[in-house]
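Student: Here the structure of chain P is known, so what remains is to put chain R in place on it, guided by the hints.
Listed in order, the protein sequences are those of chains P and R.
All residue numbers for the first sequence refer to our numbering, where the first residue is 35 and numbers rise by one.
All residue numbers for the second sequence refer to our numbering, where the first residue is 35 and numbers rise by one.
Treat the hints with care, since some could be wrong.
If chains are identical, the list can't say which one is meant, so a pair holds when it fits in one copy or spans any two.
[What the hints assert, rightly or not] Straight-line alpha carbon distances no greater than 25 Å define the calculated DMTMM-like cross-link-like pairs of lysine to aspartate or glutamate that follow:
hint	residue 1	residue 2
1	Lys70	Glu233
2	Lys101	Glu196
3	Lys81	Glu189
4	Lys57	Glu158
5	Lys166	Glu87
6	Lys166	Glu118
7	Lys70	Glu196
8	Lys81	Asp218
9	Lys166	Asp220
10	Lys81	Asp220
The set of hints was computed from the structure by calculation and includes no laboratory data.
Protein chains: 2
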Amino acid sequence: MLTLYGYWRSSAAYRVRIALNLKGLAYEQVPVHLVKDGGQQHSAAYKALNPQELLPLLADEGHGGVKIAQSLAILEYLDEVFPETPLLPRDPLRRAQVRALALHIACDLHPLNNLRVLQYLTGELGVSDAAKDAWYQHWLHNGLAAVEAGLAPFEGGFSLGEQPGYLEACLVPQLYNARRFNCDLDAYPRILAMTARCETLQAFAQAAPEVQPDAV
Amino acid sequence: MLTLYGYWRSSAAYRVRIALNLKGLAYEQVPVHLVKDGGQQHSAAYKALNPQELLPLLADEGHGGVKIAQSLAILEYLDEVFPETPLLPRDPLRRAQVRALALHIACDLHPLNNLRVLQYLTGELGVSDAAKDAWYQHWLHNGLAAVEAGLAPFEGGFSLGEQPGYLEACLVPQLYNARRFNCDLDAYPRILAMTARCETLQAFAQAAPEVQPDAV
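So that you can see chain P by itself, here it is in the shape it has in the complex (with noise of 0.2 Å):
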């Protein structure tokens, strides 16, 4: 039994579901709240789970109930555990081309534009909605233009070819926060491209945000 702390809305979350999907692994959800309660991954008991205080979070019921934070640590876990269905092309070349476009997706794009740094910038520091806005735009043009670039190889497919893996399961849950935050997606015709193969997967379209138990 595999359980996914996680919230509708956390795009790092809609990663591990994607990948749960297309594995065709069986879950149960447990939602923690991002913003109520001042935000419940931050509750004791939430911290004792996992004290990064982050989602997701993953527990693996039948590998003695172990707990795995961080989304790509769980990607990379139910490719090693359940390897029916990879996530991840078999050549180390193509194997590390996919993770260092998820990475830049991972590491030097959704970070900068989290929820927890968003709060800081117009908490803390003091910034405008307007200047707060423009702080988005910025990290997720420069990101989404490296990506644009780096999916040259994947033109008219997937990143295993015929299917989707690690790579959709990173893209596609930001391109679904770019077009909350209304950006215009014009400049990226590949990424376009495949996110709209994806959406046509039932993997992805019962992973998205708005059919989540827990969405509002």
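Tutor: Frame of chain P; chain R shown alone:
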């Protein structure tokens, strides 16, 4: 032949130097100055190699001259292609624990305190030096507290028992940065002890920023 595009003070490049040294792999260094010329990582020549315009980048001439961006993608690649002296433990649960800690540093701590972000704070946002320092300390202590808790299973040793690897390659450069910014680290005895154990090893000493050819 391996070539590392880096910068002596880039902590992401520092991670890769440690990993290469741990594996005993020879490599050439190409310095890319992060400040000179408005940041040489933004030059047309470098951008053609790495559209992410970030360091490090690894070129592997032995494998078709492939170029790999993102320090953690490089670490994974090295562990797959040069498996001797592994960077990650063998057990998937242990691997997941190690990756979750390394990713917490690489995704949720380091990018927020990166040079380009600090530059945006003081430049575009006109934030004072004191407020910038408070930002730095906020994300550093937030991240280190979680890492300190996560190190409990590794107390007294390394992430691979007798040997350091992936985790230490991320931890030691982060500590180097924290010391550069005069952060009080007394609250993190496990981090300090693990770092001290690493610092006695040649692989770490030879990767230190100050002994790199481009150090000034």
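Student: None of the hints should be skipped; say for each whether it holds.
Tutor: Results for each hint:
Taking the shortest alpha-carbon separations for Lys70 and Glu233, neither the intra-copy value of 30 Å nor the inter-copy value of 43 Å comes in at or below 25 Å. In the homo-oligomer, the alpha carbons of Lys101 and Glu196 lie at most 25 Å apart only across protomers (24 Å), although the nearest pairing inside one protomer, at 32 Å, exceeds that limit. In this homomeric assembly, Lys81 and Glu189 come within 25 Å of each other (Cα to Cα) only across copies, at 20 Å, whereas the closest approach inside a single copy is 42 Å. Taking the shortest alpha-carbon separations for Lys57 and Glu158, neither the intra-copy value of 42 Å nor the inter-copy value of 44 Å comes in at or below 25 Å.
In this assembly of identical chains, the alpha carbons of Lys166 and Glu87 lie at most 25 Å apart whether taken from the same copy (24 Å) or from different copies (23 Å). Taking the shortest Cα distances, Lys166 and Glu118 never come within 25 Å of each other, neither inside one copy (42 Å) nor across copies (47 Å). In the homo-oligomer, the alpha carbons of Lys70 and Glu196 never lie at most 25 Å apart, since the shortest distance is 41 Å inside one protomer and 44 Å across protomers. Taking the shortest Cα distances, Lys81 and Asp218 sit within 25 Å of each other only across copies (23 Å), while inside one copy they are farther apart (37 Å).
In the homo-oligomer, the alpha carbons of Lys166 and Asp220 lie at most 25 Å apart inside one protomer (22 Å), although the nearest pairing across protomers, at 34 Å, exceeds that limit. In this assembly of identical chains, the alpha carbons of Lys81 and Asp220 lie at most 25 Å apart only when taken from different copies (21 Å versus 41 Å within one copy).
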